[in-house]
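Asks: Chain by chain, the residues run as shown.
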Amino acid sequence: DQQVKQNSPSLSVQEGRISILNCDYTNSMFDYFLWYKKYPAEGPTFLISISSIKDKNEDGRFTVFLNKSAKHLSLHIVPSQPGDSAVYFCAAPGDGNQFYFGTGTSLTVIP
Amino acid sequence: DAGVIQSPRHEVTEMGQEVTLRCKPISGHNSLFWYRQTMMRGLELLIYFNNNVPIDDSGMPEDRFSAKMPNASFSTLKIQPSEPRDSAVYFCASSLIIGDYEQYFGPGTRLTVT
Chain D
1 DQQVKQNSPS LSVQEGRISI LNCDYTNSMF DYFLWYKKYP AEGPTFLISI
51 SSIKDKNEDG RFTVFLNKSA KHLSLHIVPS QPGDSAVYFC AAPGDGNQFY
101 FGTGTSLTVI P
Chain Y
1 DAGVIQSPRH EVTEMGQEVT LRCKPISGHN SLFWYRQTMM RGLELLIYFN
51 NNVPIDDSGM PEDRFSAKMP NASFSTLKIQ PSEPRDSAVY FCASSLIIGD
101 YEQYFGPGTR LTVT
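First to last, the sequence lines map onto chains D and Y. Reminder that position 37 of the first sequence reads as 37 in this note's numbering, one-by-one numbering, no gaps. Reminder that position 16 of the second sequence reads as 16 in this note's numbering, one-by-one numbering, no gaps.
Hint data in this document are derived by calculation from the structure and do not stem from the laboratory. The structure displayed is predicted, hence computed values, not measured ones. You may find that some hints are simply not true.
With a straight-line Cα cutoff of 30 Å, these simulated DSSO-like cross-link-like pairs (lysine-lysine) come out [what the hints assert, rightly or not]: (1) D:K5 <-> D:K54; (2) D:K54 <-> Y:K78; (3) D:K37 <-> D:K54; (4) D:K37 <-> D:K68; (5) D:K71 <-> D:K5; (6) Y:K24 <-> D:K37; (7) Y:K78 <-> D:K37; (8) Y:K24 <-> Y:K68; (9) D:K56 <-> D:K5; (10) D:K68 <-> D:K54; (11) D:K37 <-> D:K5; (12) Y:K68 <-> D:K37.
Label pairs and their computed distance ranges (CB to CB) [claimed, not checked]: (13) Y:T38 <-> D:H72: 20 to 28 Å; (14) D:T45 <-> Y:G59: 20 to 28 Å; (15) Y:M15 <-> D:S74: 39 to 47 Å; (16) Y:V53 <-> D:I110: 44 to 52 Å; (17) Y:I5 <-> D:K71: 30 to 38 Å; (18) D:S52 <-> Y:M15: 40 to 48 Å; (19) D:Y32 <-> Y:D57: 47 to 55 Å.
Note that beta-carbon positions come from the ideal geometry of N, C-alpha and C, so glycine has one too.
Please put together the full structure from these sequences, using the hints given.
Replies: Here is the structure:
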């Protein structure tokens, strides 16, 4: 059973506009969340994270929002750039180092 | 540092053959992870090691899959016999310590079983 879900397999956004990628989770014990970015033929790379004690974490153009009551987090990219086109994975660490990843959302930023 | 190194990058094999995927973690990292990426299930954790010891292999799909880490700088994932449904991209990742939330991924091995 998927404990971390990304229900949108793909998203297209115009350059300069905001990209919003969504992620839902089922385990209320998760207390830390990460976003990874993956380009074709490369491994995922860490992008940004958030602890459950916060509801927002910002790093340049990237902001992650966490709504614990809804078990939902989102990644905002603004302004979106063509180089942001990639697959984005949401992840949460469970017991030990068990990481739960979503299925990914493929973002295309149209120039 | 060269990052996590995986070999081969691509592997095409026939059903029934043995496949061995290799991984060299980042030097000094104590935890190593094997993942499989498919369209349906995204990134699935297969097994992870801490200090060369397998900690959790509950993600290994079947007995056909096995993984070893004979030393801190090398790990293998073996599939014997391989089946077409094993076709996927297999990633190896490492982290500095267990509980370190940032994992560093290798470029992956794309496996095709015909």
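Asks: Does each hint fit the structure? Answer for all of them.
Replies: Consistency of the hints with the structure:
1. D:K5 <-> D:K54: Distance ~21 Å between K5 of chain D and K54 of chain D Cα, so the pair holds.
2. D:K54 <-> Y:K78: 41 Å, violated
3. D:K37 <-> D:K54: Holds - the C-alpha atoms of K54 of chain D and K37 of chain D are around 22 Å apart, at most 30 Å.
4. D:K37 <-> D:K68: 23 Å, holds
5. D:K71 <-> D:K5: 11 Å, holds
6. Y:K24 <-> D:K37: 21 Å, holds
7. Y:K78 <-> D:K37: Roughly 27 Å separates the two Cα atoms, so the pair holds.
8. Y:K24 <-> Y:K68: Roughly 12 Å separates the two Cα atoms, so the pair holds.
9. D:K56 <-> D:K5: Roughly 20 Å separates the two Cα atoms, so the pair holds.
10. D:K68 <-> D:K54: Holds, at about 10 Å.
11. D:K37 <-> D:K5: 16 Å, holds
12. Y:K68 <-> D:K37: 28 Å, holds
13. Y:T38 <-> D:H72: 20 to 28 Å: Holds: the Cβ-Cβ distance is about 24 Å, inside 20 to 28 Å.
14. D:T45 <-> Y:G59: 20 to 28 Å: With Cβ atoms ~22 Å apart, the hint holds.
15. Y:M15 <-> D:S74: 39 to 47 Å: 42 Å, holds
16. Y:V53 <-> D:I110: 44 to 52 Å: At roughly 48 Å between Cβ atoms, I110 of chain D and V53 of chain Y fall inside 44 to 52 Å, so the hint holds.
17. Y:I5 <-> D:K71: 30 to 38 Å: Holds - the Cβ-Cβ distance for I5 of chain Y and K71 of chain D, about 37 Å, lies within 30 to 38 Å.
18. D:S52 <-> Y:M15: 40 to 48 Å: 45 Å, holds
19. D:Y32 <-> Y:D57: 47 to 55 Å: Hint violated: Cβ distance 23 Å, outside 47 to 55 Å.
Hint compliance for this structure: hints 2 and 19 are not met, and every other hint is.
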